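Student: Spelled out from the first residue to the last, the chains are:
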Amino acid sequence: MRIEQKVTIDAPRQLVWEYVTEPANYLVFMEGLTRWDIAGDRHTGLGARYRVLFRVGAADVGGLIEIVEWQPESDMAWSSVTGVDQRGRWRLRVLGDGRTRVTFRFAYGVAGGGITGLIAERVAAGPLNQRFRDSLQNVKRAVESQTKATV
Amino acid sequence: MAESGTGTAAPAKEGQSGNGSDPRSRAGGFGRPSLLRRLFDEIQSRLTADLDDRDPDFIRENLALSWLIASIWFRGEVRDLEKIPEEGPVLLVGNHSGGTITPDTIVFTLAFNTYFGVERPFYQLAHNLVLTSPVGPYLRRFGTVAASHENARKALDAGAAVLVYPGGDWEVNRPTWEANQIDFAGRRGFIKLALDAGVPIVPVVSVGGQETAVFLTHGERLAKLLRLDKLFRLKTLPVNLSLPWIVNIGDFLGHLPLPAKITVQVMDPIDLRQRYGRNPDRDRIYEDVTSAMQDQLTELASERQLPVIG
Chain A
1 MRIEQKVTID APRQLVWEYV TEPANYLVFM EGLTRWDIAG DRHTGLGARY RVLFRVGAAD
61 VGGLIEIVEW QPESDMAWSS VTGVDQRGRW RLRVLGDGRT RVTFRFAYGV AGGGITGLIA
121 ERVAAGPLNQ RFRDSLQNVK RAVESQTKAT V
Chain B
1001 MAESGTGTAA PAKEGQSGNG SDPRSRAGGF GRPSLLRRLF DEIQSRLTAD LDDRDPDFIR
1061 ENLALSWLIA SIWFRGEVRD LEKIPEEGPV LLVGNHSGGT ITPDTIVFTL AFNTYFGVER
1121 PFYQLAHNLV LTSPVGPYLR RFGTVAASHE NARKALDAGA AVLVYPGGDW EVNRPTWEAN
1181 QIDFAGRRGF IKLALDAGVP IVPVVSVGGQ ETAVFLTHGE RLAKLLRLDK LFRLKTLPVN
1241 LSLPWIVNIG DFLGHLPLPA KITVQVMDPI DLRQRYGRNP DRDRIYEDVT SAMQDQLTEL
1301 ASERQLPVIG
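Chains A and B, in that order, give the protein sequences. The opening position of the first sequence corresponds to residue 1 in our numbering, with each subsequent residue numbered one higher. The opening position of the second sequence corresponds to residue 1001 in our numbering, with each subsequent residue numbered one higher.
There could be a bad hint or two in this list.
[To be verified] Computed footprint of chain A on chain B, listed as stretches where at least three residues anywhere in the stretch have a Cβ under 8 Å from a Cβ of chain A:
#	segment
1	1060-1068
2	1077-1085
3	1109-1119
Treat the hints as calculated values from the structure; they're not laboratory data. Keep in mind that this is a model prediction, so the values were computed, not measured. Every residue gets a Cβ at the ideal spot worked out from N, C-alpha and C, and that includes glycine.
Extracted from the complex, chain B is given alone in its bound form (with noise of 0.2 Å):
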């Protein structure tokens, strides 16, 4: 569900919209708006962060789809959750798996919202094209934003738990056999973040994802002869071996998981000020973080007896 692509690493450009104003609004503005210009403002309505929009009630009301989704399909298991801070703002960093249906996130979610309730203001960071694509809507009364520096520190600065996903569009297209493979393609934004915004970081670590389809490999020629880095922040055009397409390229239109076990493991918070300092070394705080992540990872992966069965 929620990806987050090179966001979360770049810092918001100056005049990008996030004044407070509804770019929605300003569709209704010109006179006879051209198609184009519509669908702009349609596009940047979806990826401007209102946070109004995320809907404890409609949360609470969908919970137990996610639950039957995240107990019966995939037998998620969630440990650790008291090691998040029980209130304030966090940043919660993930890594990512199973390409455009990432159970990792729909377990989660569902394990966080009912363990601190949904009363506790929770956004989770998305790629473009989610937030873009039909259940966009949806996912907004979720609490997903699209992946920015500004939109993420604007939910911070507002006292919210935000998950972020570093790796993103990248990590869940990683090749099978990379599965147990911590990969954040080097995207340090979440450590600009958690420093700008004065907040701890949770490592959060998921094992089975990856387990949900055969993917192949990232496709990342095939995306740049596409433009579609250009066009659409996409840097992937995957390919994986998955239902009902067998040969899915792109993974555009999601595919049927396979029913993969997932567990995630909640780690310690950090709190990077406390631990590195007043002029912290980012590239090795990220080296740390990873490097943390990976050895939680390599040990959850150890406790697998098969894949997909867990």
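Chain A with its partners taken away, still in its complex shape (with noise of 0.2 Å):
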């Protein structure tokens, strides 16, 4: 299952980057987050490593997840290293006029979980929707806030 949310941002592509990228922020904006905890030696870049764990139902789901794609300003990119199958994204794009468009993309999936592994999915896909929804609106506010406080 793979879900995707677009906002776009009034504020400098750096800024938004800085702030997604920290992980002391995930558990302010993301929405149903129970845990971003970091996982090893380092805090973020490439190779950093993450316990999340996510709100769904009657269960707190995630695991153990690493990023793999790192590319400053622009893209960011995780997967699963234990627990549910997982691929999450960060696309950063310039707009102009200080404006920043961002895309997060959020693939997810019950490995050999059969016909109840679909539904499974299914269920849980209504409410990540709007829970990302939410999620990047809080970033535009907390990235667009922080713009206001510096002009």
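Fit chain to chain and form the complex, with the hints in mind.
Tutor: Right, here's the structure in full:
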């Protein structure tokens, strides 16, 4: 199952990048997230690992993830190491006039889950979609308020 | 699903299997084993804890089904899982509800496996009858082992988290009007287990499971009359009102549970030696633990507006 949400933020790309790559911010802006802990020596960057849990239905679902793609101010992607199969990606693109187009993609699956896995993926998709939409709005608010504060 | 009888309270008997040999292999050791002998060996094999039967891939692949049941049917909610030590052996002590269909186990086992990951060894102690039933082999792959001091010790010594329901077959069938009572029936085996293994205990209190049917009686007199306690370690022959049977005697075939909301609260860990000293009074520990769990259960029950709805 793949979910994609987009938002335009009235702030330079660098500021958005700094915000979405800072691990400490995730519990602030990501709706339904119950854990985003650094696991290992790296704080950010390629190879950094985090223990991540989302409250979905009756369980905190997630596992250990690792940053597998890191193109400063452009793309950051992670993939699961343990737990539920998942991939996440931030894509930041300059729109001009100091604005940034932000795309967040999240793909997940229940390996070997058969028909119940497919059903579970679909049942979870609705709430997750809503949460990611709200989360991007949170990012927009936080970064734009930073921009206004610096101006 | 998982429930413990007196097995957790009873110390391992001398000579009981557990020397590492696989009793299943003995079945083929006789020239012409009688049907009874083969049956006996099969039962023995199912009751011996082979920790290797737990299959993390199998659990992972079946989490989706558990998640659907726990999320949609029981609207499960497990609070404060972070109170469970991140690693190492730990004895999780829960109250148990719901007859032979125990939603608290479904909800908590799912939550534990998704929170800590299926890689963390986690075993649940279950009544012999559960392990010898047709779903026994399925549950063994989930990490369910027969409730005995020996099996639990083996798992704890291997560094696993172990879930035990001291009230077991007794508590799951308490009458509906006692739904919000902790009733371990005086079984103190979990205390001996934690002290012997030197592991902390973490009480886990759930509410809602006893609203999945109308439970009428334990039926202990009937069980004794039919000698079920001697034959199957069954001390009860419960009677409940449930679907699809309406009047359900024994609950051997299970029932369709009402979709009651299940809430599970994880409490603070207790290091028994640290809190009670080197030679602790087990009666005092029992009173303290069950009292604390009762307070928690009363609090959880007070949050509920309506039966089943939650």
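Student: For each hint, tell me whether it holds in the structure or not.
Tutor: Structure-based check of all given hints:
1. 1060-1068: holds (count 8)
2. 1077-1085: Result for this restraint: holds, n = 3.
3. 1109-1119: It holds, with 6 qualifying residues against the three required.
Hint violations for this structure: none, all hints satisfied.
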